[in-house]
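Just need the whole structure built from these sequences, with the hints factored in.
Number of protein chains: 2
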Amino acid sequence: MIVDGKQIRPIWLDKDLKTVKIIDQRMLPHEFVIVDMTTVDHNIQAIKEMYVRGAPLIGVTAAYGVYLATLNAPDNNITDEYIKKECDRIKSSRPTAVNLAWGVDRVLEKIKKAEHNEDKITAARTEAREIEEEEAENCRKIGEYGLSLIKNISKAKNREAVNILTHCNAGWLACIEYGTATAPMYTAFDNGIDIHVWVDETRPLNQGSRLTAWELGKHGIKHTVITDNAGGHLMQHGMVDIVIVGTDRTTYTGDVANKIGTYLKALAAHDNNIPFYVALPSSTFDWTLRDGIKEIPIEERDSYEIRYVQGLDHGVIKNILIPPENSPVANFAFDVTPARLVTGFITERGICKADEKDIMRLFPEKN
Amino acid sequence: MIVDGKQIRPIWLDKDLKTVKIIDQRMLPHEFVIVDMTTVDHNIQAIKEMYVRGAPLIGVTAAYGVYLATLNAPDNNITDEYIKKECDRIKSSRPTAVNLAWGVDRVLEKIKKAEHNEDKITAARTEAREIEEEEAENCRKIGEYGLSLIKNISKAKNREAVNILTHCNAGWLACIEYGTATAPMYTAFDNGIDIHVWVDETRPLNQGSRLTAWELGKHGIKHTVITDNAGGHLMQHGMVDIVIVGTDRTTYTGDVANKIGTYLKALAAHDNNIPFYVALPSSTFDWTLRDGIKEIPIEERDSYEIRYVQGLDHGVIKNILIPPENSPVANFAFDVTPARLVTGFITERGICKADEKDIMRLFPEKN
Chain A
3 MIVDGKQIRP IWLDKDLKTV KIIDQRMLPH EFVIVDMTTV DHNIQAIKEM YVRGAPLIGV
63 TAAYGVYLAT LNAPDNNITD EYIKKECDRI KSSRPTAVNL AWGVDRVLEK IKKAEHNEDK
123 ITAARTEARE IEEEEAENCR KIGEYGLSLI KNISKAKNRE AVNILTHCNA GWLACIEYGT
183 ATAPMYTAFD NGIDIHVWVD ETRPLNQGSR LTAWELGKHG IKHTVITDNA GGHLMQHGMV
243 DIVIVGTDRT TYTGDVANKI GTYLKALAAH DNNIPFYVAL PSSTFDWTLR DGIKEIPIEE
303 RDSYEIRYVQ GLDHGVIKNI LIPPENSPVA NFAFDVTPAR LVTGFITERG ICKADEKDIM
363 RLFPEKN
Chain B
3 MIVDGKQIRP IWLDKDLKTV KIIDQRMLPH EFVIVDMTTV DHNIQAIKEM YVRGAPLIGV
63 TAAYGVYLAT LNAPDNNITD EYIKKECDRI KSSRPTAVNL AWGVDRVLEK IKKAEHNEDK
123 ITAARTEARE IEEEEAENCR KIGEYGLSLI KNISKAKNRE AVNILTHCNA GWLACIEYGT
183 ATAPMYTAFD NGIDIHVWVD ETRPLNQGSR LTAWELGKHG IKHTVITDNA GGHLMQHGMV
243 DIVIVGTDRT TYTGDVANKI GTYLKALAAH DNNIPFYVAL PSSTFDWTLR DGIKEIPIEE
303 RDSYEIRYVQ GLDHGVIKNI LIPPENSPVA NFAFDVTPAR LVTGFITERG ICKADEKDIM
363 RLFPEKN
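From first to last, the protein sequence lines are chains A and B. Just so we're aligned, residue 3 is where the first sequence starts under the numbering used here, counting upward by one. Just so we're aligned, residue 3 is where the second sequence starts under the numbering used here, counting upward by one.
These are computed hints drawn from the structure, not numbers from a lab. Watch out, some of these pointers could steer you wrong.
Derived DSS-like pairs: lysine-lysine, alpha-carbon spacing no greater than 27 angstroms straight-line [to be verified]:
{"hint": "1", "chain 1": "A", "residue 1": "K114", "chain 2": "A", "residue 2": "K20"}
{"hint": "2", "chain 1": "B", "residue 1": "K159", "chain 2": "B", "residue 2": "K17"}
{"hint": "3", "chain 1": "B", "residue 1": "K143", "chain 2": "B", "residue 2": "K320"}
{"hint": "4", "chain 1": "B", "residue 1": "K20", "chain 2": "B", "residue 2": "K8"}
{"hint": "5", "chain 1": "B", "residue 1": "K50", "chain 2": "B", "residue 2": "K87"}
{"hint": "6", "chain 1": "B", "residue 1": "K8", "chain 2": "A", "residue 2": "K159"}
{"hint": "7", "chain 1": "B", "residue 1": "K159", "chain 2": "A", "residue 2": "K296"}
{"hint": "8", "chain 1": "A", "residue 1": "K320", "chain 2": "B", "residue 2": "K320"}
{"hint": "9", "chain 1": "A", "residue 1": "K20", "chain 2": "A", "residue 2": "K159"}
Shown next, in the form of C-alpha cells:
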C-alpha cells in the first residue's frame, strides 16, 4: 500500500534473502520504524511483543519464521527434530491466532518433502513467499466482494456517505495488502464511493486510533476516531450503516474470536438492526472447533498494557500510568462473538452467512 | 468517607462560610488536590472542566454555586434579575445532568422567598447544605437497599465472592458519601460480605481506573481494573454476578442516561441473563421526559479528551497524544440505555422495576 508516496507492505524478504523486514507497529502512528529479523528468536519476539499483529500478518510472519529457522540450523543441518522444535516455539508465541499454526505447518510440510539442506531452505522460502502473495490476493478479493455490500448501501442512501464502523486494526498493517475489514473500504473508496469510517480506538493497545486511523488517513479516507464506548450510541442514532471487523479465529460454525470488545459491538448492531460483517481469508477459519465461546483459548496479556498508555509527549514516545499504582488489572485480549450476532462473512471466495451450512457451501473441500 | 485515616467529602463549605472547597478529581489518583471556589466563575469552571463530576455532586456543587452568587452580588444587592442570570449561567455549564438544574432551582426557590439581602444569603447557604446532607443520606439508604441484592447473590453462591461490574465512577467522589452504584458495595463490604468489583476503566476520561479503583482501594475492597471492551467476555464466562451503575438522568419511564458505554454493558448483561441495576437518588429522575433516547440531550465534549490521555510519567502528571495528529475525533459523553435492558433501580426509597408504573409506586407524589 502507499505510505507517503512509497509502495510498502508490513513484511518483506530483503534482497539478501537472509533478512525479513517488518514495520514495528508498536511505534505507529508517531514513528515509522523498520526492524530486521534474522533469527527465530527475533521472529518470536516480533509476534509475542506485537511488532506485528493481525491474523494474516501473524501467519505470514510465522511462515518466514520457519524460513529463518532453516537458515539458522546448527551445523547447517535441518534435522526433523530441530525444525519441529523451532516450529513449536513459534507456534506457542501467541495462543489465539489460528493463522500462526497454519502458516508454520504449511512451510513445515514443504520442508519435510525436501531432501537436501539447500532444498529445504528453498522450499521454506518459496512457501513463505507464496503465503505472502496468497494473503495479498485474498485481501484483494475480500475487497471486491465487500464492495458490493457498500455499493448497495450507498445506492439506498442516494450516494450519501456510507458510515462504516470498525474495531481494532484489520487493515493492511494486519495483513499484506488492503487488509481484511478495511479491504471493502479501500475498494469502495478507490471506486469513488463516498464512505466515512468510525474507528474504535480499541483499548488497551489502541490499534484503532494508532493504526487504522493512520492507514485510512494516509489513503485519504474520511474517518473519525471514537472511544470503544461510543459505538452503541452511534448505532442508536442512525449514524452507522454497517459494521465490518476482522477476526483472529473463526469456527466453521460461525463463532468469531476477535479483539476484545467486538462482541459488544455485535450486540449493539443486532439491537439496532445494523448489518455486522466479519471479513476474513479462509486461513482464519478453524475447521476443528464447533463452539467458539467454550473452545477458543483467550489470551491473557500483561497488565502493563492496561496500566500504561503509550503516546507522544512533545515529540517523544512515552508510556504513562493511568490507574492507582497498586490496583490489580486483568487483560483479556479477545472475546468471542456468537454466530447468531453475525450477519455474514466476507471471504476470498465470496460472502456467506454465519452458519456451518453456508460456510461449507463456500469451502466444500472442508466437508 | 475515609482517605488515609481522614474523614472527607468531595465538597464542603469552609468555616469562613465564603469558600467552597472541592477535591480536584482531574488529578486523582496520582495527586490529591483541594481547590477553593469563591465565585460563580470558579463554580462553572469546576463543573464544566470536571474538577467535580457525577450527577449528585454536580447538583450539590451547583447549589453552592448559587450560594456563591448571593455572596458576590454587585453592590451586595441580590436582585431577581441578577440571581436569575447567574443561575442560568450555572445551569448551562453541562447539558446532560438533570441534578444541575434541580440543585440550582431548589436554592433559587428559597432565595425568592427571602426578602432581605442577608436573609437571601442565609437561605441559599442553608438550602445548599440541606441538599448536601440529603444526598449523603440518600446514598446511605441506596446502600441499605442495594445490600439485599448482594446478600442474596452471596447466599446463592455459598458466600463465595460476589462479582460486581461497574462503569465510570458513581462512587462517593461523584456524590457526597457512599456513592450511588458503589453504596451497595461499601455497605456489603462493611457488613462482611465477600465482594470483588470489576472496574471498567471508562474512556475517555478513565473515571473508572482513576477514581473508582482509587476509592475502592482506599476502602480495602477487592477490585480489578479492566478495559471497557472486556465486560462482555467476563459475562459470557460467568465472571460477573451483577452490574450496578449510576446515572446522570433517568426518565420516569426508566430510560437511563449514563456515561458513554453503559448501553453496551446493559446489552451484554441482558444477553447473558445477568441482573443490571441502576442506583440513583430520586433527584436524578427527570419527571418530564418519556423517551430517553429521543429526548435526553447528549453532551459532546472536546476532542482533546480522546486525543490525549492523562497519566503519570516518573512522578509527573502528563497528557500524551494517542492517534495521528490530524485524525478527526468525536467525543459523545453519554448514551441512553433503554428501560427494557434495566433490571431495576436502587433508590433512597427502595428498589423498583424500570417501568413507569413501578417508579410511580415509589414516588406517588410525582403522579
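- Task: Could you grab the alpha-carbon distance between A/K20 and A/K159 and see if it respects the 27 angstroms cut-off?
- Result: violated, 51 angstroms
- Task: Please work out if B/K8 and A/K159 have their alpha carbons no farther apart than 27 angstroms.
- Result: Violated: B/K8 and A/K159 sit about 60 angstroms apart, past 27 angstroms.
- Query: Is the Cα-Cα distance between B/K50 and B/K87 27 angstroms or less?
  - Reply: At roughly 17 angstroms apart (the allowed maximum being 27 angstroms), B/K87 and B/K50 satisfy the hint.
- Is A/K114 close enough to A/K20, meaning Cα to Cα at most 27 angstroms? Holds: A/K114 and A/K20 sit about 21 angstroms apart, inside 27 angstroms.
- Message: Checking one constraint from the list: CA of B/K159 to CA of B/K17, max 27 angstroms. Satisfied?
- Response: violated, 48 angstroms
- Message: Checking one constraint from the list: CA of A/K320 to CA of B/K320, max 27 angstroms. Satisfied?
- Response: Satisfied, since the Cα-Cα distance of roughly 10 angstroms is no more than 27 angstroms.
- Can the restraint linking B/K159 and A/K296 be considered satisfied, given a maximum Cα separation of 27 angstroms? holds, 22 angstroms
- Item | Given hint B/K8 paired with B/K20 - CA-CA distance at most 27 angstroms | Cα-Cα ~23 angstroms, so holds.
- Sort out whether B/K320 lies within 27 angstroms of B/K143, counting only the CA atoms. With a Cα-Cα distance of about 39 angstroms, the restraint between B/K143 and B/K320 is violated, given a limit of 27 angstroms.
When held up to the earlier numbered hints, the structure conflicts with 2, 3, 6 and 9 and fits the remainder.
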